[in-house]
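*Asks:* Use these hints to put chains S and L onto chain H, whose structure you have.
Residue numbers (this note's numbering), protein chains in the order written: chain H, 1 to 287; chain S, 1 to 286; chain L, 1 to 266.
Simulated from the structure, these hints should not be mistaken for lab results.
Just so it is clear, the structure is predicted and the values come from calculations on it, not from any experiment.
C-beta: ideal position from N, C-alpha, C; glycine also.
Treat each hint with caution, since some may be false.
[What the hints assert, rightly or not] Sample of chain S residues facing chain H (criterion: CB under 10 Å; computed from the structure):
{"hint": "1", "residue": "Pro37"}
{"hint": "2", "residue": "Arg41"}
{"hint": "3", "residue": "Tyr120"}
{"hint": "4", "residue": "Leu233"}
[Said to hold, decoys possible] If you anchor each label on the Cβ, the simulated ranges turn out as follows:
{"hint": "5", "chain 1": "H", "residue 1": "Val270", "chain 2": "S", "residue 2": "Val228", "range": "37 to 47 Å"}
{"hint": "6", "chain 1": "L", "residue 1": "Met236", "chain 2": "S", "residue 2": "Arg5", "range": "18 to 28 Å"}
{"hint": "7", "chain 1": "H", "residue 1": "Glu101", "chain 2": "S", "residue 2": "Ala275", "range": "20 to 30 Å"}
{"hint": "8", "chain 1": "S", "residue 1": "Pro170", "chain 2": "L", "residue 2": "Glu247", "range": "25 to 35 Å"}
{"hint": "9", "chain 1": "S", "residue 1": "Ala12", "chain 2": "L", "residue 2": "Val196", "range": "28 to 38 Å"}
{"hint": "10", "chain 1": "L", "residue 1": "Thr72", "chain 2": "H", "residue 2": "Leu53", "range": "51 to 61 Å"}
{"hint": "11", "chain 1": "H", "residue 1": "Glu162", "chain 2": "S", "residue 2": "Arg197", "range": "18 to 28 Å"}
{"hint": "12", "chain 1": "S", "residue 1": "Pro84", "chain 2": "H", "residue 2": "Val270", "range": "25 to 35 Å"}
{"hint": "13", "chain 1": "S", "residue 1": "Pro130", "chain 2": "H", "residue 2": "Thr54", "range": "27 to 37 Å"}
{"hint": "14", "chain 1": "H", "residue 1": "Met60", "chain 2": "S", "residue 2": "Leu8", "range": "44 to 54 Å"}
{"hint": "15", "chain 1": "S", "residue 1": "Ser231", "chain 2": "H", "residue 2": "Val270", "range": "37 to 47 Å"}
{"hint": "16", "chain 1": "H", "residue 1": "Glu63", "chain 2": "S", "residue 2": "Gly43", "range": "50 to 60 Å"}
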Amino acid sequence: MTAGKTRRAGAQVAERIAFALIWTSALATLAVLAFIVLYILDLGLPHVSWRFLTSAPEEMGREGGILPTIIGTIVLTLGAVAIAAPLGIGAAVFLTEYTWESPVTRAIRFGAEALAGVPSIIFGLFGFIFFVTYLKMGWSILSGSLTLAIMILPTIIRTAEEAIRTVPNPYRDVSFGLGATRWQMVTSVVLPNALPGIITGIILAIGRSVGETAAVIFTAGTALNMPTSLVSPLRTMAVHFYILAIEGISLEKAYATGAILIITTLTVNVLANWLIVRAVRRHRRKS
Amino acid sequence: MEALRERLIGRALLVVACSVILALAIITYFIFQAGLPIIVRLGLDDFLFNTRWQPAEEGGSFGIGAMVLGSLWVTLGALVVGVPLGLAVAVFSAELAPEWLSTLIRPAIQLLAGIPSVIYGFVGLMVLVPWVRTHLGGPGLSVLTAAIVLGIMILPNIISISEDSLRAVPAAYREGALALGATRWQTIWGVLIPAARSGIGASVILGMGRALGETMAVIMMIGNSLQVPRSLLDPATTVTSNIGLEMAYASGEHREALFATGVVLFAFIMVLNLAANAFSRRRLQA
Amino acid sequence: MTTAPISAPAMERANGNTKLEVCDFSAFYGNEEVLRGINLPVPRNEILAVFGPAGGGKTTLLRSMNRLVDNTRGAHHRGRILLDGKDVFAPDVDVVNLRRRVGMIFALPVPLPMNVYDNIAYGPRMSGGRDRKSLDEAVERSLQRAAMWEEMKDRLEESALHLSGGQQQRLSIARVLAMEPEVILLDEPTAALAPVSTMKIEQMLTDLKRQCTIVIVPHSIQQAARLADHAAFILMGELVEYRPGNELFTAPSDRRTEEYITGRFG
Chain H
1 MTAGKTRRAG
11 AQVAERIAFA
21 LIWTSALATL
31 AVLAFIVLYI
41 LDLGLPHVSW
51 RFLTSAPEEM
61 GREGGILPTI
71 IGTIVLTLGA
81 VAIAAPLGIG
91 AAVFLTEYTW
101 ESPVTRAIRF
111 GAEALAGVPS
121 IIFGLFGFIF
131 FVTYLKMGWS
141 ILSGSLTLAI
151 MILPTIIRTA
161 EEAIRTVPNP
171 YRDVSFGLGA
181 TRWQMVTSVV
191 LPNALPGIIT
201 GIILAIGRSV
211 GETAAVIFTA
221 GTALNMPTSL
231 VSPLRTMAVH
241 FYILAIEGIS
251 LEKAYATGAI
261 LIITTLTVNV
271 LANWLIVRAV
281 RRHRRKS
Chain S
1 MEALRERLIG
11 RALLVVACSV
21 ILALAIITYF
31 IFQAGLPIIV
41 RLGLDDFLFN
51 TRWQPAEEGG
61 SFGIGAMVLG
71 SLWVTLGALV
81 VGVPLGLAVA
91 VFSAELAPEW
101 LSTLIRPAIQ
111 LLAGIPSVIY
121 GFVGLMVLVP
131 WVRTHLGGPG
141 LSVLTAAIVL
151 GIMILPNIIS
161 ISEDSLRAVP
171 AAYREGALAL
181 GATRWQTIWG
191 VLIPAARSGI
201 GASVILGMGR
211 ALGETMAVIM
221 MIGNSLQVPR
231 SLLDPATTVT
241 SNIGLEMAYA
251 SGEHREALFA
261 TGVVLFAFIM
271 VLNLAANAFS
281 RRRLQA
Chain L
1 MTTAPISAPA
11 MERANGNTKL
21 EVCDFSAFYG
31 NEEVLRGINL
41 PVPRNEILAV
51 FGPAGGGKTT
61 LLRSMNRLVD
71 NTRGAHHRGR
81 ILLDGKDVFA
91 PDVDVVNLRR
101 RVGMIFALPV
111 PLPMNVYDNI
121 AYGPRMSGGR
131 DRKSLDEAVE
141 RSLQRAAMWE
151 EMKDRLEESA
161 LHLSGGQQQR
171 LSIARVLAME
181 PEVILLDEPT
191 AALAPVSTMK
201 IEQMLTDLKR
211 QCTIVIVPHS
221 IQQAARLADH
231 AAFILMGELV
241 EYRPGNELFT
251 APSDRRTEEY
261 ITGRFG
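Next comes chain H alone, as it looks inside the complex:
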């Protein structure tokens, strides 16, 4: 009787302690997130000005702005998405609409999963040995974009596949029933309805590309000049930030660049999130 009561009381104490720890962990995690963002913004934003965004760096970045690195980031990211999006969406369409589950689809899914787990430094090594050296593209927009494209491909495939699977099956029946070919069905019914999810995936991939350093530094290079062609080397914001910080060139400029970098990636993520929420709502309304 008493033993039971004590055990009961003990369990309640244990529960209270455990829950307190869990609450603390959750709040601490949120606090860390807030701290990182606010820390960079607080120390970086005062050094951000219109001139900083629109002028070229001087003395390796000690003075001046970051315009070429902004352009570089945009060009490299757009290049990567332009390559990876058609491939990724195509692969997702194939997996969902053109085949049954089979050893082939399992192999493709395994490939995508394995690729998703490859660390970015390996992509950097690979891009360097394959695109830069073997295919003689040099440190260039082309090498960088191709490397990034392979890196973001799994994300685009996975999100596109998930989005396509939420398109209700009766739409497919109706479309086929009205004499659509498979490809017509895909383009007229499946893709338009999966579009929000697909775009979300692309935006997440953009976020990953913008923040990437290891895979970019060995494939696109670190040149501070404005890129002029597909084979020009360039430096992205993330690479620039890394070099400013690690070589101690200018802390002030590093904070400012970091602030721009974090604002960009946060915006991209918030946008993606907002699209997800909207897509989920639309989906609920329909079903």
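*Replies:* Quick look at chains S and L alone, frame taken from chain H:
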């Protein structure tokens, strides 16, 4: 005509989908082709366990033992920090948090995942390194610093997959345990977490892969010393950070040795992927 | 050009009064046999009602007639379904063209998430219709035939998702009519509708059989009796009885049919 076009489109999509496998194959081939010869020349155990890395010397000495140790320490440390914290947040979000708070946590965790690793490294360098130096001693640039920041960086991986698998536990388990008079905590600890263990296991392995593979953030915090670390407060170097630092100027045998380091990393990551895959397959079957 | 061998009587009927003929047809999902040796002629310009308890294979029969079963994993069949004497499963049949000739309406109305006009113009567009004027005409003609031109003509730009359930289902019919199909298959088209909408659709079907041949899975025995020129009772994958509607519903010859239509089971 129409039928022919349809068949062509189908074929084209198959080819496109196989590009993933092709990419993986080319990556594997080129990394191994560039790095394997020197491993064969030196012998795998000498390359792995020898702690003397002196690429500048005549003839050079290429042993990655110190880096392997550094990577292991940092990765283990990241897991020690990240797993309990991540699991706690997952439990919080899946079980304890009021609806509004848990719908807030998911996007917040995604933001955490979206922050570039160089930012983590930089904040670690500017904030945590000085703190460790003044309060715990040592140079601040250390295994401990890198491990803590990496632990935070892998939180999103751990949280999202663990939370999903906690939520996937059938409601009957929970109700059954509560009906038998278990407290909520006893239910979580004794029933839910064991039921979700495959997913949690997979999340830990994926987090481990991320910590092991992280490069830039580690370079910024670990001190990049080629010494074998004697304590958590010592600087060290890892497999990845050494590649990241030296690739920029390496050539000849030195570059080959860096690719060989990449081979070791790549092989290890693939093993981890297979393990995570096995875990999640078990989760699907369960 | 060679065609699949067709039995002499089938050919005769094809030339005569039979639009669609199911010949010794069995359908399977994996190892499960859902239809067993069905023989069923569908006379031209008539309504055939296929009725019976749920899960008996009626939907599979309909989905076989326009080969929507092709999209179901593990689905296969034995026997033939002849459309104008030609097996729809023959290797040289263009399945897309087949579906343009054999339209289908589903139990739940499925407006595609686009406006009314685009819903109706969907079929013609898929078969290559680009000319705006002929699309306009097709839309108007189809809505007229579905008796909804008056209520829809000012709402063509509105999303079809905003229509009422009954309107959505009539829109689905108009959408099929826009393809000028020879056969229309309807799988419990009024199952989700109010009585008023049901009556409108039944009226429409009776009018439509002047141009088309209709196969319907009715959602009630009363509906079957109201509509059927011929009726087929299918029980657990087997055809129990096939006779003109007025005979079958007044004097069923099989005990199981009688028990079912008098409500003793199912």
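*Asks:* Next, verify each hint and record whether it holds.
*Replies:* How the hints compare with the structure:
no.	hint	verdict
1	Pro37	13 Å, violated
2	Arg41	18 Å, violated
3	Tyr120	7 Å, holds
4	Leu233	21 Å, violated
5	H:Val270 x S:Val228: 37 to 47 Å	44 Å, holds
6	L:Met236 x S:Arg5: 18 to 28 Å	42 Å, violated
7	H:Glu101 x S:Ala275: 20 to 30 Å	23 Å, holds
8	S:Pro170 x L:Glu247: 25 to 35 Å	53 Å, violated
9	S:Ala12 x L:Val196: 28 to 38 Å	50 Å, violated
10	L:Thr72 x H:Leu53: 51 to 61 Å	57 Å, holds
11	H:Glu162 x S:Arg197: 18 to 28 Å	25 Å, holds
12	S:Pro84 x H:Val270: 25 to 35 Å	29 Å, holds
13	S:Pro130 x H:Thr54: 27 to 37 Å	34 Å, holds
14	H:Met60 x S:Leu8: 44 to 54 Å	53 Å, holds
15	S:Ser231 x H:Val270: 37 to 47 Å	41 Å, holds
16	H:Glu63 x S:Gly43: 50 to 60 Å	51 Å, holds
In summary, the numbered hints that this structure violates are 1, 2, 4, 6, 8 and 9.
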